[in-house]
Every structure is written in structure tokens, then in C-alpha cells.
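Protein sequences appear in the order of chains A and B.
Counting in the working numbering, the first sequence runs without a single skipped number right up to 1516 at its last residue.
Counting in the working numbering, the second sequence runs without a single skipped number right up to 371 at its last residue.
FYI, nobody ran anything at the bench for these hints, they're computed from the structure.
Model, not experiment: these values are computed from the prediction.
Idealized CB from N, CA, C, for every residue including glycine.
Please note: incorrect hints may appear among the correct ones.
To be verified - Which chain B residues face chain A? A few, computed with CB under 10 Å, are given here:
| hint | residue |
| --- | --- |
| 1 | 234 |
| 2 | 244 |
| 3 | 246 |
Claimed, not checked - Selected chain B positions facing chain A (in silico; Cβ < 8 Å):
| hint | residue |
| --- | --- |
| 4 | 245 |
| 5 | 294 |
| 6 | 300 |
| 7 | 309 |
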Amino acid sequence: MTAKISLRGVTKRFGPKVVLNGVDLDVAAGESLVVIGGSGTGKSVLIKTILGLLRADAGSIIVDGQEVTGLRGAALAAHRARFGMLFQGGALFDSLPVWRNVSFALPGGRTAELRAAALDNLARVGLGADVAELRPSELSGGMQKRVALARAIAVRPEILFFDEPTTGLDPIMADVINDLIVELVRELKITAVTITHDMASVRKIADRVAMLYDGRIIWSGPRAAIDASGNAYVDQFVGGRAEGPIQMQLRRA
Amino acid sequence: MTGPLHDLLGVLQAIGRFVLAGLGSIGRLAIFAWTVLSRAVLPPYYPARLVEQMLVIGYFSLPVVGLTALFTGSALAQQIYIGGSRFNAASTVPAVTVIGIVRELGPVLGGLMVAGRVASAMAAELGTMRVTEQIDALSTLRTDPYRYLIGPRVIAAVLVMPVLVLVSNVLGVLGGYTLAVQRLGFNPARYLTTTMQYLKTDDVVSSMVKAAVFGFIIALMGCYHGFHSSGGAAGVGRATTNAVVSAFILILLSNLIITVIVFGS
């Protein structure tokens, strides 16, 4: 099997802090991979490095057989054009109405055509035409996530990244978002990489799970194996226990 | 190692760190400016964004720039009259006012007022976009943030600042004229004739050149600090302050350089 995305020895540091310390990871075409890990372990840095928003200090990132770590200019833009991304906070453009946000990356056309395409994508995420003219600030958190999802799929990307898709949402809305992700990934035949620490999301979205800890992927396996991984770090994370090999840096009084 | 030598080395290290940090900042700013200029000339272009920014920077700055010029022109005429009277040179009010306004006060005060209003707004807007990942989102939506966000702002500022300063100059001279005629008893026709007699092409050209340079500085500082802001709301606040302070300093420095180059000989 040839991997759609393949990382080998990817390293990224910010000053003295090493965030990614030799990440090896493969994502198969059409697969939904979920990367789990605690806050601040570099999950967002990982997908931003693949996208080329951050530059890896060392290592190799290959997408569809092409090395992408050194890309610049038009080649980097072409690389990014294959991806869609749902940002943690939605990252909707405040100054534009919802429909312009959704149609932002669509090729230029008449306003009516762009608006129709935006409404079609909004319908895919369960939103009606009544929200099209609203500003993002007029929407609830869950609706913002859904609009951001509509924007991410509007250009029909080959690969979709989801950065903490359910953070800040109530459990019911989080489940709605998870269902949407599963449905869209299957329907549009997209390769998906999700980063999250929400285990409900993991159990719903993932075909395969990988755990990032201390700058490396320390375990990966199918979703069904997550509860019997045999890895103490994964067990502690999945169980949500304070006791275990993962020690939080807490200052005691 | 202890004693005075250790202290001296500590001071030298501090100076060295300061100089290196300064040189690093200049280098980063130069790269940013080059990136903006080299990408702004290439398609895709965003004419609607350019017009929008011309309105924001130019049209909406007219009241503050106009009032500043009007009041400053009047105060300048009054001061020249008081100072000139001591040497029996009160009649120099029209000439000195027009030269002072067009060569220096019009562009500098206009530039500072626009910097306070626009550089801060640009830094705050782009800074907020940075910390909420909207700039990253642009990059993933097939849009170059340099071309979409920064190019139109820089080009608009360079284009509209000369117009703003032209208005500022006219209103500054008008302020001086009004005070001189209404309060100091100058003959209106002679005041205007003397004003036009002493106003030279070089004065107007230098004023316009200064305005364009100031426009570039204002937009560049606002965009640079906003684009590179980090650290949430506090980071955006710092970016806004840095944008205004650095724009003020660079405007005053570049004004001095242009004045020396144009009028120094």
C-alpha cells in the first residue's frame, strides 16, 4: 500500500523547545486517521507542518509521492490547494457574510453562481439559506464550526484536516459535528486527518488512531485496538487518568 | 572572573544583544517589505480590496487630517506674526506660513495623524486575524495573504496619502489666511498673492514625495506588526502600540532625510 501522506523523522522546534522530535507517520488514501495527544504536544504543529504553514527543521514529508518540505511559491500554493482544513476556532473571516466565507476559495464566477454553490455546501452541513447573509459573529459556536466545515469542503479537497473539531461544543453538538465529518469523509471519498483529545470523537471518526507524545508517534493502530493497546501512555490517555507515565507539569504550593 | 572587567563585559554583552536584536528587526522588516512589493505587482489583483482600503485610509481620515491642518495653520500664522513683530517682519506671515505648512507641517502632521488612526487599526485587525488563525485559513483557501491583505493596504496608503496631504496643505494655508485676515488685519488679496509668490514647485513636489513615503511607512508598520503578532489579546495590543510608535519614529526620520536631500543644498 502506498501512503497518501508519509512523514519520516519530521522535526520542528521553536527556540529551545523541541515540539516534533522525529515523527514517523503514514496516512493511507481514503483513510480517516485521528492523532491523539495531550494539550501542547504538537498536534496542531504537526498538521500545519504538513500543510506548509510551518517549515519542518528536518525530516521528510511526502504527499502522493512528492517531497513537499522544501516547496515555495507556486509549488507550495499548489500543494496547499489539495487540502481543506477545519481550524480549531473556525477561523471564519469576520468581515464577510457566511456565504462569502463558504465560497471564498471557489474559482471566480458570477455572484449568483458563487452564492448557489455556498448554499449547496451549507446544506451539506445542515444549514439553511437563512444563515447565508449573517456575519460569523452572529452564529453560535456549533454553527460557526459547521460553516467552517462547509468552507473546508467547498473546493472538494483530496485531503481534509480537522483541528480539534469538537473543542468548545456541548456533547450533542459535538456528536453532530462528528457525524458530519464521518458522512462527508465517506461521501466525498476524502483522506482525513483529525487531531483531538476528545475520545468520543476518536471512537466515532477514526479508522486508525495514532498517539503523539514527547514529539513522537508512540503508538498507532486501528480504532478497535485503542482500548487494548498494550501501551501505558495510550491507556492512561484513553482512560483519562491523572496517574500514569504521562506527568502533567504542576507546581505544588 | 569578577570585578570591573566582569561588569564591563556584562555591559558590552548587553550592548551587543541590543545591536543584534536591532539588526535582526531591520532585516526581518526589509524581507517583509520586499515580499510585499514583489508580490503586489503580480496577479491576482484585488481591485475591490484596494478601493475599500483607499476609502478607509483616505476618505475616513479627511476630517482628522483637515482639522489638524486648519488649527495648526492658524496657530503657526499667529506665532510667526508675534515672532516677526519683534524684528519688524510681521509681513512675512504669508510666506513663512505657506513654506512651513507645505514643506513640513502639512505632510508630517498629516502623516502622524494617519499613522495614529490607520497603522493602529491595521495592526489590530491583522493581529486579530493572526491569533484567530484567519491568516492561516487564507493560505489554505488558495489565497496569498500578502497579496490579499497587505498589498492593497500598502498600495492604497501610498496612493491616498499625497491627496490627503494636498488637502492638509490647502487647509493649513487657509487656516493661516483666515486668522491673518480676520484677526491680524492682513489684506486678503495681498496675503494670497504673497502666498502664491513664495510657493515653489519644489515645495509641492517634496510634500507629495514625503506623503507617499509616509503612506508606505504607515501601512508597512501596521501590517508588519499585525501580521507577526502572537500571544493572544496582549500580543495584539503590543503589535498595535509597536505599529504606531515605529511609524511615528520612521515618519520623523524619513522627513528629516528627505528635507536634507531636497533642501539641504
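Right, here's what the structure says about each hint:
no.: 1; hint: 234; verdict: 8 Å, holds
no.: 2; hint: 244; verdict: 8 Å, holds
no.: 3; hint: 246; verdict: 5 Å, holds
no.: 4; hint: 245; verdict: 6 Å, holds
no.: 5; hint: 294; verdict: 48 Å, violated
no.: 6; hint: 300; verdict: 49 Å, violated
no.: 7; hint: 309; verdict: 40 Å, violated
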